[in-house]
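Chemist: Chain residues, written in single-letter form:
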Amino acid sequence: MLRVEHHSRERGVSLLVGTLSFVFIIPLVGLIVDLGVLYAAKARLQGAVDGASLAAARALNLGETIAAQATSAQQNAVNWFYANFPAGNWGTTNTQMNSSTVQVFDDPNNPQLRDVTVTASTNVPTYFMGWFGIFSTNITATGNASRRDVVIMMVLDRSGSMNNGTVPSACQTMVSAAKIFTGQFAAGRDRIGLVSFSDSVYTPIAPTTNFQTVLGYTNSFGSAAGAIDDIVCKGGTSTAEGVAVAYNEIYEQNLPGALNVVMLETDGLPNTLALNFWDSTNNVAGIKAGSPCKDKNNKTINGGGFKTLASLPNWTSGVSLGAGSFLPNVPAGIVGAVYSDDPDSGNQFSVMMNYWSTTEANDFNSTSYLNGTSCSFDGGIWTANPTDLAWFPTTDVFGNQLNPATNPFQSVTMRGNYVKGGSWSNFHNAVLNATDNAAYQARTNATIPAYFFAIGLGGDPGDPPDYVLLQRMTNDPNGDNYNNPPLYQPCAQEATCVNYPNQPQGTFIFSANLASLSQAYLSISS
Amino acid sequence: MISQRRKQNQSGQKLIEFALVALLFITLLMGSFVAGMNLIRSIEANQTCRDLTDMYIHGSDFSTYSMQQLAQRLATGLNLQIGGGFSGNSAANTGNGGNTLITVSEIMWVGSTTSPDCLAVGANNCTNQNSFVFLQQLQFGNGTLNSTSPSSLGNPNTSAISSSGVLANPITDAGARLPNPGQTNMQNLWQTTSNGQAPLQDGQVTYVVELYSQSPDLNLGSFSGSGVYARYFF
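Protein sequence lines, in the order shown, are assigned to chains A and B.
Quick note: the first sequence uses my numbering, first residue 1, plus one each step.
Quick note: the second sequence uses my numbering, first residue 1, plus one each step.
Extracted from the complex, chain B is given alone in its bound form (with noise of 0.2 Å):
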């Protein structure tokens, strides 16, 4: 009698031991699954973004499909998404889905009115004078991740951008200048002295490829895969 009182006690005891125990064991498990993922998915949205601003300092067009698809191979695990196919020079291919948008810019700085772009226009001319221009800008992917992470340096606001992303008149046309908050944080992130920098010389250029993938596949319950947002300056 007793041991089935004692029997009735412990009954439902393991069960509530392992719940109390599994409970932890699942929480660290999505918890590190999922910090681990993004992890996975920050690494390999770095190397991409890299491999990538290589590719574009040493001339690879992105602005054409076939470039476009070996960027796709190199994003294997991104979900890029960049439609069937397209002939010639696109400077926006941004209506697909996937988890994966890619923006290619050149950026230049533009000195003052002395500088040899300024008076190659001339001065009075010079509408962009001591800012950030883009030379090229290119995007490709999901384009409706701009909402959710737009490009950091923003997107030139001109209709004197060719079919490849090329910007027709960086000096005089106000609309090749960065806009802010990109021009401001560029100015902050290369014209400045600290670690022993060196403002920018007047012409000089910088090549960014951006990355943003976001993680849809990572929510599980209240965690969530943020994102992941890489960004390299050849």
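The following block holds chain A by itself, in its conformation from the complex (with noise of 0.2 Å):
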């Protein structure tokens, strides 16, 4: 009998128990996905407030004074967070963010930083919380971000293929597209300057935070003209000089905290160094046994001239960098930019000039030259192969290597300790290497290692930028990104390219036009 009650009390009883334990397993699977909502919500407030920093540091240069600038960030961020994360996202209700929850402060370790940190707030429903009284949970997520202050020299080459016969000029679109440029940057905290070259280095405008009123510059909130304006297209290209000048500018602004970067716009090939024909080491001048030029003192070299240093004509004053300076001071005698023709040009030198000038209109900026009947300098301008040089040095006054041991970019012959003089394709390839070398010392000064950008114009068609020169000068591992067929492969295609990814990577654009130049400027500025 008790064994008939006892299966009669068990009716229903394992329904029962699964019953009873909905009540506690149903809660708790409510709970497991309320917690995962929040969590998922809890993501997708964290990333919008990171693009939102980030958006807001990005726009850091966005005014013309540091308060504006900062309200340029708050609203970028305002901007950016709403657009990943709209009202109502996830259900959300009451989401705090606002330019009052958007700081933007100088960092505390470094002065050339300036932090952005971005805060928001959201209410998440909870679906079956709710049942327990809690009908959303508050969550808060910030996001941090900086902007490094930058320090940049315009390189921009002046020489006379920029006027290419198209409109506008390759002059006049690098004119525009280089005020574009400053533009878009922090006045008031970026600091830029400028060079321009061409077979002459204009004395440089150091980098200064008020580059927007110095140089001009054209952007969403108006535009001014500067010295850019000034720039007149002409001569050689004497783009090492150049290279070599601006990152002086920025050693001597001697700010490791800050972004350095080396800006070069160019349209052709590098053809003129600066050169001092006279060697101070062994007391000897670069002239030729037998050559008919004459020195200061009317003397031949066979007549016993070019002996002393004071004997020597003075081609140029001296240049000196001043204290602090990371080039060595120019001196004074045989020293001068040795031009030499494009190689569609007949492979000739042309003239000796003064390699420092005081204008940005300066072209062939000649002085006084080797006099001497058939001396190829007499009269200043000399059109044959320089029969009377016996060498080249092998760095130019700034010292750039000619012919550099470790991964020359052409090949030169050397002539014992220098380089071979007489031969248009022998200095053609040495300038090539000192231009690329101008590059590889400034990316590699352990003090202020420089990031080299640069932007290949559209100017003489019968001699293009050099692609993989500007590959290698700017340590950029990719092919051509803005044109289509590409013009040129990625630096491991190219057998004459190298790269070195332990050094500052920056980019190389071929830009024909000032459309695609914004686009390339812009991809360097943010």
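Some clues are possibly wrong.
Derived list of chain A stretches under chain B, where covered just means 3 residues or more per stretch with a C-beta under 8 Å from a C-beta of chain B [unchecked claim]:
| # | region |
| --- | --- |
| 1 | 48–55 |
| 2 | 79–91 |
| 3 | 216–223 |
| 4 | 439–450 |
| 5 | 467–480 |
Keep in mind that the hints were calculated from the coordinates and are not lab data.
Every value quoted in this text rests on a predicted model; they were computed, and no experiment measured them.
Think of the CB as a built atom: it goes at the ideal place given N, C-alpha and C, for glycine as much as any other residue.
Got two chains here, each in a separate frame; can you build the complex from them with the hints?
Modeler: Rendered as structure tokens:
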């Protein structure tokens, strides 16, 4: 009997136990679901504030004053946050994020950094926890980003080939584009300077926070004229000297906490170097034995001339670059810019001239030359091979190596301790090497390593920029991303290209018109 | 005799009770599993998308295979397939299987004819004035998912796009303009003053990564994973 009652009592027990267990299981599952939603909403909110903080930091270059830049950053943060986290996202309510929750401040540890902190909070609804009186949960997320101040030297090519006959010319395009470029940066914080070069280097304008007034600019706030507008394009292409002098200006700023950048714009091939033909170590002048050229005392080299520094003709006055300079001072004497033809122009040397100019319109800045009947320098300009030169020095006046020991770009023939003179191709290769080396030295400086960016402009169609040279200078491993079909391949696929992953990696962009140049600038400034 | 009849009456009752309870349990279990897995996928997709956008804005070139491999490692669990490899750059590496498609875009607001970008090409040539335009778009993964979940921005319609997805003439090329409904959606999202927002300035750029991942492994009877979509603007 007991057994029968026992079975009778068991009837429905499984259902009862199962149902009762739901009382615990469903809230448990609900808790898990609510926590999952909470976690997902938190992840989304965090992503939104991260995006907002990065966008804010990027906007710190918008505005002509520090206060205006902070306002731009706050507005950008709001814009980007709500693009990623619209009101009501994940069923959230009462989202708190506005310009007052965006803090812009100077970094306490690095004076060249500005920090942005974005904070947002929102209420996430609960779907099951409401049974226990918890209808929403408030979550908060904070995002941080920094913007490093930038020190930039613009190195603008004002050689004659920039006047390439198109409308607008490459020169005009460069001027317009350079002003758009300066308009992309934060006045009052960033520092931008200018060096322009043809066969001579224009005395540089040091990086200044007042660059929009000094150099000129164009952006959505307006425009102004400045030193960039004064550029006149004519003469040769002394890229190595322009780059070296530009880096020297960055070095003198001595701001290792900033992002130090050389921004080169050029249309063609380097063809000029500033060289010193007096070897002060061995007290030897680079004049070939038997040359009819005469020194200051009207003596040929076979007649006892060119034996002392004092007897040398004074082609140019020296340049003192001051204390704390990266570059050596350049002495006066038999020092001058050697200009050679581009490859499609007859492969000859042309003139020697002052390598340092005081206006942005100088070219063939001639002073005095060697004299003497049949001397190839006589009269100032010579067009034949430089038969009177015994050699070229191994470095230019700023220390750029014409035949570097490590990974030279081009093959250069040496004669003893000097670069073999008298050969256009040897000199042409040496110019390319020195230009490459100027960038290499700036990138590898232990104290102030510089990033290189290069814009290739469509100038002389017969002598387009050497793409590999500019890839090497910028240390850019990428191929052409801006033209279709691509004009050049990634560095690894170019036989003479070398990329150094441990050195600052910049960007080379070839842009034939202003519209694509603006795009290129955007990629650099952001 | 009575006991035997009762036993007969009870036989199967526990089974029925268990079946009723199990039905509820299994339904709850399957629903929880699918919803939970979808939630996990959604979180993973969001996290991957966020990381890719962060990398993109810092200069990562996703037109190269090496960077797509990095994306693949980030998207572990989403079955992103990118093929056996390629050299150089590819704007569309989409001939692959797998469950995920990633679309990377850089878009810019071109202002009126007086904006610097329009002035640079001449106001009369500023075809894309007052529009969002693509500066770059890349896709990699399973391209067939474009039909299931097309990019919310649309795709550029131009031949003037490089192998790395960069558009050569974004101001003058009508094919660079975001097509509708992407154009309208973007203008509604950005060129607005709600929530304290302000319209983007002329020439401002935003970087976008979209990720769609289907979930065929979560199709359990009437429960199915509808796939997850994530998008971030940085």
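Chemist: All hints are to be evaluated individually against the structure, with a verdict given for each.
Modeler: Hint check:
Beta-carbon proximity to chain B at under 8 Å applies to 4 residues in the region 48–55 of chain A; the threshold of 3 is reached and the given coverage holds. Counting residues of the region 79–91 of chain A whose CB lies closer than 8 Å to any CB of chain B gives 7, so the stated coverage by that chain holds, three being the minimum. Judged by the Cβ-Cβ criterion of 8 Å, the region 216–223 of chain A is covered by chain B as claimed, because 3 of its residues qualify and three suffice. For a cut-off of 8 Å, the count of residues in the region 439–450 of chain A with a CB near a CB of chain B stands at 0, and the three-residue condition is violated.
A count of 3 residues in the region 467–480 of chain A with a Cβ less than 8 Å from any Cβ of chain B is obtained; the coverage claim is therefore met, three being the minimum.
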